[in-house]
Each structure stands twice: as structure tokens, then as C-alpha cells.
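A.B. asks: Sequence:
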Amino acid sequence: MRSRPEPFAADGRELTDLLTGGAVPIPGHEPGQDVEVSHLGRGDTNTAWRVTAPSGVFLLRIPHRPADEAPRPMPDEFAALTRVPRGVGTRGITYRDTEDNPLGARYVLTTFVPGTVKPAAAWTAADPERVADTLAVLHDVGEALAGPVDSPTVERLSLDGHLKAGLAWWQAHHPGLVDDPRVTALLPAVRRYVHRCEEAGGVVERFSFIHGDLVVGNVVFDGDRVGFIDWEWAEIGDVAQDLAYIGGTVHGGASYVPMDESMVERFVTHYLDALRAMGKPAEDHAAISARRDGWEVCERFLTMLHSMTQDASAPATESVRRTLERKIGG
1 MRSRPEPFAA DGRELTDLLT GGAVPIPGHE PGQDVEVSHL GRGDTNTAWR
51 VTAPSGVFLL RIPHRPADEA PRPMPDEFAA LTRVPRGVGT RGITYRDTED
101 NPLGARYVLT TFVPGTVKPA AAWTAADPER VADTLAVLHD VGEALAGPVD
151 SPTVERLSLD GHLKAGLAWW QAHHPGLVDD PRVTALLPAV RRYVHRCEEA
201 GGVVERFSFI HGDLVVGNVV FDGDRVGFID WEWAEIGDVA QDLAYIGGTV
251 HGGASYVPMD ESMVERFVTH YLDALRAMGK PAEDHAAISA RRDGWEVCER
301 FLTMLHSMTQ DASAPATESV RRTLERKIGG
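Residues 1 to 330 (this note's numbering) make up the sequence shown, in order.
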């Protein structure tokens with residue numbers, strides 16, 4: 001992956017001057033009005049800035065990777081951001097997908113979600129249930145096709161197919177990785193487990209708008225409220241995917257909440273109960289649990305491959321491998 005130098009220094013002085021002058025159309029802001037900018041951090045694709053204007057607080061995300069390496073084209077990502085229900089997470093305001101604009105950089109301006117990200121080890125037993133409540137608000141099952149928000153075309157999602165496509169990508173971009181003995185030792189059991197989950201979970205006939213990357217770092221706690229951020233992977237898909245990514249019995253590092261089987265059971269049950277309380281359709285517990293397990297194993301395995309390209313001996317990588325082996329071998 002290619003990364004480019006940051007267009008603005010971390011002190012934010014140049015960016016502050018540009019925003020004060022009206023380089024980005026901030027709602028309720030008149031050029032010349034004071035704007036405060038603070039650097040929030042640099043992720044895999046974007047650098048995030050908190051922008052405080054007289055009219056409110058906003059989030060400005062500026063990509064530091066080329067457009068062809070983004071998880072989604074910016075128009076697709078923005079379409080997803082405009083669909084986020086109020087109170088669930090960041091919502092899109094405006095964007096520019098070229099550098100030919102007064103800011104001189106590609107950007108997405110969104111609402112700001114206050115709060116903090118809890119370390120995975122600091123989550124309480126009740127926190128997954130709070131996430132389940134917010135997911136129940138987000139998920140509005142009823143889409144006939146899956147895929148990008150503005151142009152879904154997929155009639156049937158396949159866990160087997162998702163795993164196969166992920167393996168093909170890694171084989172193409174990192175030849176030899178899939179042949180590593182640590183991978184080949186797990187792969188047959190992973191394939192069998194995912195296939196069993198797909199059979200047990202049944203065909204998903206109606207899809208929903210999902211976050212698509214609901215790991216620990218994308219959940220913000222603010223008192224009793226829980227919000228979701230970083231919607232780069234949002235799409236129309238299987239709700240079980242969002243239930244799987246946040247954590248489970250396969251875990252390691254900062255991204256996943258360690259849960260035993262009883263916690264996972266309570267999490268799924270609470271989610272389905274929350275859907276029913278809102279008058280939304282809630283599918284069979286056994287089916288959605290099976291697909292959740294399949295997504296968990298598939299995602300952790302593919303993420304393990306990514307981790308191996310960074311540091312194969314890292315404790316987080318080893319923890320995912322060890323807990324994955326325990327789950328698929330049980």
C-alpha cells in the first residue's frame with residue numbers, strides 16, 4: 001500500500017487558516033469566522049481532524065492513500081454516510097473527490113460523534129449489549145440485493161465465497177503467504193467450519209445497511225450513548241457480519257472484545273430482542289448465530305493473514321491464531 005506525505009502539518013495551522021477562509025463549506029460557517037482545528041489521528045486510509053466552528057463541531061477526514069487503494073470509492077462511502085440514522089454515528093455532510101478545490105486535498109466532512117474509544121480489555125459485560133441496541137437501530141432489514149449502497153447487485157451472499165475471494169486476494173498480492181505452514185495448518189479446518197456455518201445459517205433473503213467494520217476502534221462511548229465511526233466499509237449486507245466483527249471467542253490485539261460463548265449468546269439474544277422491541281423483524285436465533293460464527297472465523301482468519309505481513313510473531317497475531325484454532329477445532 002502506498003502512503004503519501006500529509007498535506008497538512010499536525011499543528012493544524014495551515015488547515016485552520018484555510019477552513020477559516022471558507023475552503024470547506026462548513027454548515028453555518030461564514031468565511032472569516034474563527035475555526036479551531038485539532039489533529040485526532042491517522043488511520044489506515046485517512047487522517048482525522050476535529051473542526052470546531054461557531055455553528056458546531058465537525059469531523060474532517062483527509063485521505064493519505066491514493067484513491068485506487070481506498071476500501072470504497074469516495075462517492076460510495078459518502079452515499080453510505082448519508083444513510084446512517086441519526087444518533088447511530090457519523091453522518092455525511094459534504095465531500096470532494098479531487099484535489100481541485102480550495103482546500104487542495106480530497107476530503108469528507110461529517111458530523112462529529114463525541115466520546116471515547118474503550119480499550120478491548122476495558123469493556124464490561126454490559127457493553128456488548130449497548131452495542132447491540134445501537135445495531136438494532138442501524139439494521140433495517142428489507143433490501144433485496146447486497147453490495148454498495150447506491151448500486152447493490154448481489155442476490156445471494158456466500159460465506160464460502162467471501163473466504164475464497166479473500167484467499168485469492170492475498171495469493172495475488174502476497175504470493176506464498178497462503179502456503180505458509182501456519183496458514184496451511186489452519187486452512188482446511190477454517191474452510192470446513194465456514195461451510196458448516198453457511199449451511200446452518202441458511203440463505204439470507206433480505207439484507208440490511210451494515211457498518212461492515214465494527215471493531216473496537218470504531219465504537220465510541222459517551223456516557224450511556226454508543227456511536228459508530230469510520231464507515232469506509234459500510235454497504236448493504238448480512239447483519240450477522242456486524243455481530244461478528246466486534247468480538248467473540250476468537251480475539252487478539254486491540255480490535256476485538258474477548259467474549260466467552262455465554263457472552264456471545266447474550267449479545268445475540270439482546271440484539272434480537274431489541275429488534276422485536278422496535279417492531280422490526282428478527283430472524284431465527286440459531287440461523288443468525290451460525291452465520292455470526294462463520295463471519296467471525298472468516299474475518300479473523302483473513303485478518304491474521306494481514307497481521308502476518310506486518311509481524312507474524314506479534315502477540316496479537318498469535319492470540320488470534322491460537323483462539324481461532326481452538327474454535328474451529330472444538
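It should be emphasised that the hints constitute simulated quantities derived from the structure, not laboratory data.
Do not take every clue at face value.
[As the list claims (entries may be wrong)] For each label pair, taking beta carbons as the anchor points, the in silico distance ranges come out as:
{"hint": "1", "residue 1": "Pro-25", "residue 2": "Arg-326", "range": "49 to 59 Å"}
{"hint": "2", "residue 1": "Gly-87", "residue 2": "Ala-287", "range": "33 to 43 Å"}
{"hint": "3", "residue 1": "Asp-284", "residue 2": "Arg-86", "range": "45 to 55 Å"}
{"hint": "4", "residue 1": "Ala-67", "residue 2": "Gly-279", "range": "33 to 43 Å"}
{"hint": "5", "residue 1": "Glu-36", "residue 2": "Asn-101", "range": "15 to 25 Å"}
{"hint": "6", "residue 1": "Ala-314", "residue 2": "Ala-122", "range": "12 to 22 Å"}
{"hint": "7", "residue 1": "His-174", "residue 2": "Glu-318", "range": "11 to 21 Å"}
{"hint": "8", "residue 1": "His-173", "residue 2": "Gly-279", "range": "21 to 31 Å"}
{"hint": "9", "residue 1": "Gly-32", "residue 2": "Arg-266", "range": "49 to 59 Å"}
{"hint": "10", "residue 1": "Thr-94", "residue 2": "Pro-281", "range": "30 to 40 Å"}
{"hint": "11", "residue 1": "Asp-284", "residue 2": "Ala-314", "range": "18 to 28 Å"}
{"hint": "12", "residue 1": "Leu-187", "residue 2": "Asn-101", "range": "45 to 55 Å"}
{"hint": "13", "residue 1": "Leu-187", "residue 2": "Ala-10", "range": "37 to 47 Å"}
{"hint": "14", "residue 1": "Ser-313", "residue 2": "Ala-287", "range": "18 to 28 Å"}
The structure displayed is predicted, hence computed values, not measured ones.
The C-beta atom is built at its ideal place from N, Cα and C for all residues, glycine as well.
A.B. asks: All the hints need checking, so say for each whether the structure fits it.
C.D. replies: Right, here's what the structure says about each hint:
no., hint, result
1, Pro-25 to Arg-326: 49 to 59 Å, "52 Å, holds"
2, Gly-87 to Ala-287: 33 to 43 Å, "28 Å, violated"
3, Asp-284 to Arg-86: 45 to 55 Å, "30 Å, violated"
4, Ala-67 to Gly-279: 33 to 43 Å, "41 Å, holds"
5, Glu-36 to Asn-101: 15 to 25 Å, "22 Å, holds"
6, Ala-314 to Ala-122: 12 to 22 Å, "21 Å, holds"
7, His-174 to Glu-318: 11 to 21 Å, "19 Å, holds"
8, His-173 to Gly-279: 21 to 31 Å, "45 Å, violated"
9, Gly-32 to Arg-266: 49 to 59 Å, "53 Å, holds"
10, Thr-94 to Pro-281: 30 to 40 Å, "34 Å, holds"
11, Asp-284 to Ala-314: 18 to 28 Å, "38 Å, violated"
12, Leu-187 to Asn-101: 45 to 55 Å, "46 Å, holds"
13, Leu-187 to Ala-10: 37 to 47 Å, "42 Å, holds"
14, Ser-313 to Ala-287: 18 to 28 Å, "38 Å, violated"
The structure fails hints 2, 3, 8, 11 and 14 (numbered hints given earlier, in ascending order).
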